Amino acid sequence: MTPREEIFDRVRKALGRKPGEKPAPVPEPRIRIPEIPPERRVALFAGRLEALGGKVYRAAGLAQVREIAAGILEGAAAVCSTDPLLEKAGIPGLTGVAGGFQDEPSLRAACALAPFGITGADYGLAETGTIVTRSASEARLISLLPPAHIAVLPLSRLLTGLDEFYTVLPKPADASSSTVFITGPSRSADIEMILVRGVHGPRVIHVIVVDEEHATNR
Amino acid sequence: MLMKPEQEEQIRRTVDNPKIQLAVYSATARLKEKREEAVASEALPEYQELRTQANRIKKHTLENLDVYLEEFEANVEAHGGKVIYARNGAEVADFILGLARERGVRMLVKSKSMTTEEIHLNQRLEHHHLEAVETDLGEYIIQLAHDRPYHIVAPAVHMTRQDVADVFEKNLADPRTEEPEKQAMIARRNLREKFLAAGIGISGANFLVADSGAVCIVENEGNARLTTTAPPIHIAVAGLEKMIPRARDLAVFLKLLGRSGTGQLLTVYTSFLSGPRRGREADGPGEFYVVLMDNGRTRLLADAEKRQSLYCIRCGACLNACPVYRKIGGHNYPGAYSGPIGAIITPQYEGIAKDPWLPFASSLCGACAEVCPVKIDIPKILLDLRKEVVEDRAVHGGGFVERKAFQMYGWLMRRPKLYAMAGRIAAKMARLPGAASIGPAAKWGSVREVTLPARKSFRDQWREREKSK
Numbered sequence: 001m002t003p004r005e006e007i008f009d010r011v012r013k014a015l016g017r018k019p020g021e022k023p024a025p026v027p028e029p030r031i032r033i034p035e036i037p038p039e040r041r042v043a044l045f046a047g048r049l050e051a052l053g054g055k056v057y058r059a060a061g062l063a064q065v066r067e068i069a070a071g072i073l074e075g076a077a078a079v080c081s082t083d084p085l086l087e088k089a090g091i092p093g094l095t096g097v098a099g100g101f102q103d104e105p106s107l108r109a110a111c112a113l114a115p116f117g118i119t120g121a122d123y124g125l126a127e128t129g130t131i132v133t134r135s136a137s138e139a140r141l142i143s144l145l146p147p148a149h150i151a152v153l154p155l156s157r158l159l160t161g162l163d164e165f166y167t168v169l170p171k172p173a174d175a176s177s178s179t180v181f182i183t184g185p186s187r188s189a190d191i192e193m194i195l196v197r198g199v200h201g202p203r204v205i206h207v208i209v210v211d212e213e214h215a216t217n218r
Numbered sequence: 001m002l003m004k005p006e007q008e009e010q011i012r013r014t015v016d017n018p019k020i021q022l023a024v025y026s027a028t029a030r031l032k033e034k035r036e037e038a039v040a041s042e043a044l045p046e047y048q049e050l051r052t053q054a055n056r057i058k059k060h061t062l063e064n065l066d067v068y069l070e071e072f073e074a075n076v077e078a079h080g081g082k083v084i085y086a087r088n089g090a091e092v093a094d095f096i097l098g099l100a101r102e103r104g105v106r107m108l109v110k111s112k113s114m115t116t117e118e119i120h121l122n123q124r125l126e127h128h129h130l131e132a133v134e135t136d137l138g139e140y141i142i143q144l145a146h147d148r149p150y151h152i153v154a155p156a157v158h159m160t161r162q163d164v165a166d167v168f169e170k171n172l173a174d175p176r177t178e179e180p181e182k183q184a185m186i187a188r189r190n191l192r193e194k195f196l197a198a199g200i201g202i203s204g205a206n207f208l209v210a211d212s213g214a215v216c217i218v219e220n221e222g223n224a225r226l227t228t229t230a231p232p233i234h235i236a237v238a239g240l241e242k243m244i245p246r247a248r249d250l251a252v253f254l255k256l257l258g259r260s261g262t263g264q265l266l267t268v269y270t271s272f273l274s275g276p277r278r279g280r281e282a283d284g285p286g287e288f289y290v291v292l293m294d295n296g297r298t299r300l301l302a303d304a305e306k307r308q309s310l311y312c313i314r315c316g317a318c319l320n321a322c323p324v325y326r327k328i329g330g331h332n333y334p335g336a337y338s339g340p341i342g343a344i345i346t347p348q349y350e351g352i353a354k355d356p357w358l359p360f361a362s363s364l365c366g367a368c369a370e371v372c373p374v375k376i377d378i379p380k381i382l383l384d385l386r387k388e389v390v391e392d393r394a395v396h397g398g399g400f401v402e403r404k405a406f407q408m409y410g411w412l413m414r415r416p417k418l419y420a421m422a423g424r425i426a427a428k429m430a431r432l433p434g435a436a437s438i439g440p441a442a443k444w445g446s447v448r449e450v451t452l453p454a455r456k457s458f459r460d461q462w463r464e465r466e467k468s469k
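Read top to bottom, the protein sequences are chains A and B. When we follow our numbering, the leftmost residue of the first sequence carries the number 1, and every step to the right adds one. When we follow our numbering, the leftmost residue of the second sequence carries the number 1, and every step to the right adds one.
Hint data in this document are derived by calculation from the structure and do not stem from the laboratory. For clarity, every value in this text was computed on a predicted model and none was experimentally measured. Take these hints with a grain of salt, some might be off.
The following residues of chain B were derived to be distant from chain A, with all beta-carbon distances above 10 Å [said to hold, decoys possible]:
(1) 2
(2) 147
(3) 229
(4) 248
(5) 283
(6) 402
(7) 454
The calculated DSS-like cross-link candidates involving lysine-lysine, where the alpha carbons are at most 30 Å apart (straight line), are [what the hints assert, rightly or not]:
(8) B:375 <-> A:13
(9) B:82 <-> A:18
(10) A:55 <-> A:88
(11) A:22 <-> B:375
(12) A:171 <-> B:19
(13) A:13 <-> B:82
(14) B:380 <-> A:171
(15) A:171 <-> B:182
(16) B:59 <-> A:18
(17) A:55 <-> B:34
(18) B:387 <-> A:13
(19) B:59 <-> A:22
(20) B:375 <-> B:327
(21) A:13 <-> B:380
(22) B:354 <-> A:13
(23) B:32 <-> A:55
(24) A:13 <-> B:59
(25) A:18 <-> B:34
(26) B:182 <-> A:55
(27) B:82 <-> A:22
(28) B:59 <-> B:456
(29) B:4 <-> B:354
By construction, the Cβ of each residue, glycine as well, lies at the ideal position given by its N, Cα and C atoms.
All chains should be modelled from the sequences, with the hints used to inform the complete structure.
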């Protein structure tokens, strides 16, 4: 018997089940989406993320996103994802910002050096102060290698929390190999339970919430 | 005697070590307090409902595990990944070594995984000259110190910043520092090179998601994201029992895991990964494997009552709540898993004969069951295991003195006059000077206050009362 056959055999013997036997009905998880109006969502999101050491900004439109991003960067170098929203906001045009990386070696080299990574956010989760990155336009390394991360989140994508996320996207793996929830800056308390930020991922996270709904067709 | 003298001696050394006592007591107190705040009814009114649901989902999944294994495998393959089955730790290592040889890989990075600790994967790989670098800060320190994890969630909880400074000074070129912040940055710098040079990244999995063919990994540092992103190959190693049916079940489990472990609403990073990098994606591994390991789990699955031991989501809450763990620490438990959960799964994975004392290392206070987010009835399983140990020893001739003593006691109990007399004699003898320092009383009394029997037994007092009426 191969290991696979033997393990299936052991499992079925242990459970007294035959190959092909249908499973019992699966219990439904508790999914309850709270009603939180958009403005309260932003306040909740900001409160949660700021408690973790993140920073939250509010932009009325894309022009303001560009302004806020420029203010955070102060001319420092950054790598920016291929998110169409960032392009519309003119982020790749800012001094020091490099974008449009399609091949991994150059993306990796750029991310390893840049002090900032700029990405979009496919969703936000208000109850936990989380942003979700998953689409093909969001390279994983941009929100991971640089010591600071700036994310632009459209207000229309700010969900209440996990329950709403799994209702909107019940099978996250269908469209992407990776769906990542990011909740605050990288941290560790492995030495004497003392909080340290930026152990492997970014030590700083800035999220710009923008009112415009330009990013709905991703 | 259930425990070997050297084990007893080792426990005594831990109990007598004020540095370790303080470190473990304060860390577990902190984690305990944070958990309590996070699951308090004002903070999470649905907490009890979530626990019940998590318990039901795990129960259902394990009762139908063959179906979910098949579904998981089909979905991993549909996304371009591959599932490997391993009956034991040797087969896990063989697969990794074979792949490394084929791809010419000499060094790999690892994110925190209790499953790979369980099978001593690093030693197995290093034996074949494949360097395996731990990347979680705590695990990195432990690896450099040639130590083993002390706590499921906080592996280096027994070490002080001075210990860390010593370990780094001995192993790394960086100047000595005793500041945790600077120590973390030293680890960041040294490990960054490893991430970018490694040929394989090995992770564990907090959950295997059948309907998505995905592994879900939670962490705070970002090392698991780097491990599963930077190297060209990602291998996730997980026990069969980590399965859940659907992605949306995570709405239940993620709410419980972070809160129970560290009091966080969600850990900093939650990665949901399925298959290698796809068409338009700019990065991510080109190859994706999930190794599903048995290593004793199917044996446990066969017992309908004790099967619930496999529900564990490794939050560590039972360790922080346990008065025994907090006193004897993590290293006195054999195997990778310490605390109450270790006391029930280690003997079941490895057989009760190996460390028969383990199920007895509990006061059965029930704190573990109270905090368990998936409602494993740990005290009940401890009692079942104790019964098995006693039965096993009866068969194999152990515990001769104890059995004889109870036989005599039973004989005496059936003879009321003799019993009363024996009681009066025993009460007098117990008051003789030095009585508490001989025989079984000495052993029992070495860690407890020995209470003296009353001068007059209850039976005698009762008789006198009745007479004087």
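Here is what the structure says about each hint:
1. 2: The claim holds: residue 2 of chain B sits with its nearest Cβ about 28 Å from chain A, beyond 10 Å.
2. 147: Given a closest Cβ separation of 13 Å, the condition holds.
3. 229: violated, 5 Å
4. 248: Incorrect as stated: the minimum Cβ-Cβ distance to chain A is 4 Å, not above 10 Å.
5. 283: violated, 5 Å
6. 402: holds, 33 Å
7. 454: holds, 48 Å
8. B:375 <-> A:13: holds, 26 Å
9. B:82 <-> A:18: holds, 25 Å
10. A:55 <-> A:88: With a Cα-Cα distance of about 23 Å, the restraint between residue 55 of chain A and residue 88 of chain A holds, given a limit of 30 Å.
11. A:22 <-> B:375: holds, 27 Å
12. A:171 <-> B:19: Outside the cut-off at roughly 48 Å; violated.
13. A:13 <-> B:82: holds, 25 Å
14. B:380 <-> A:171: With Cα atoms ~37 Å apart, residue 380 of chain B and residue 171 of chain A exceed 30 Å; violated.
15. A:171 <-> B:182: Between residue 171 of chain A and residue 182 of chain B the Cα gap is close to 41 Å, so the pair fails against 30 Å, i.e. violated.
16. B:59 <-> A:18: Given that 30 Å is the threshold and the Cα spacing comes to 18 Å, the pair holds.
17. A:55 <-> B:34: holds, 23 Å
18. B:387 <-> A:13: holds, 25 Å
19. B:59 <-> A:22: holds, 16 Å
20. B:375 <-> B:327: Satisfied, since the Cα-Cα distance of roughly 24 Å is no more than 30 Å.
21. A:13 <-> B:380: holds, 25 Å
22. B:354 <-> A:13: This hinted pair holds, its Cα atoms lying about 25 Å apart.
23. B:32 <-> A:55: Roughly 28 Å separates the two Cα atoms, so the pair holds.
24. A:13 <-> B:59: holds, 17 Å
25. A:18 <-> B:34: violated, 45 Å
26. B:182 <-> A:55: holds, 23 Å
27. B:82 <-> A:22: Distance ~24 Å between residue 82 of chain B and residue 22 of chain A Cα, so the pair holds.
28. B:59 <-> B:456: violated, 53 Å
29. B:4 <-> B:354: holds, 11 Å
Hint compliance for this structure: hints 3, 4, 5, 12, 14, 15, 25, 28 are not met, and every other hint is.
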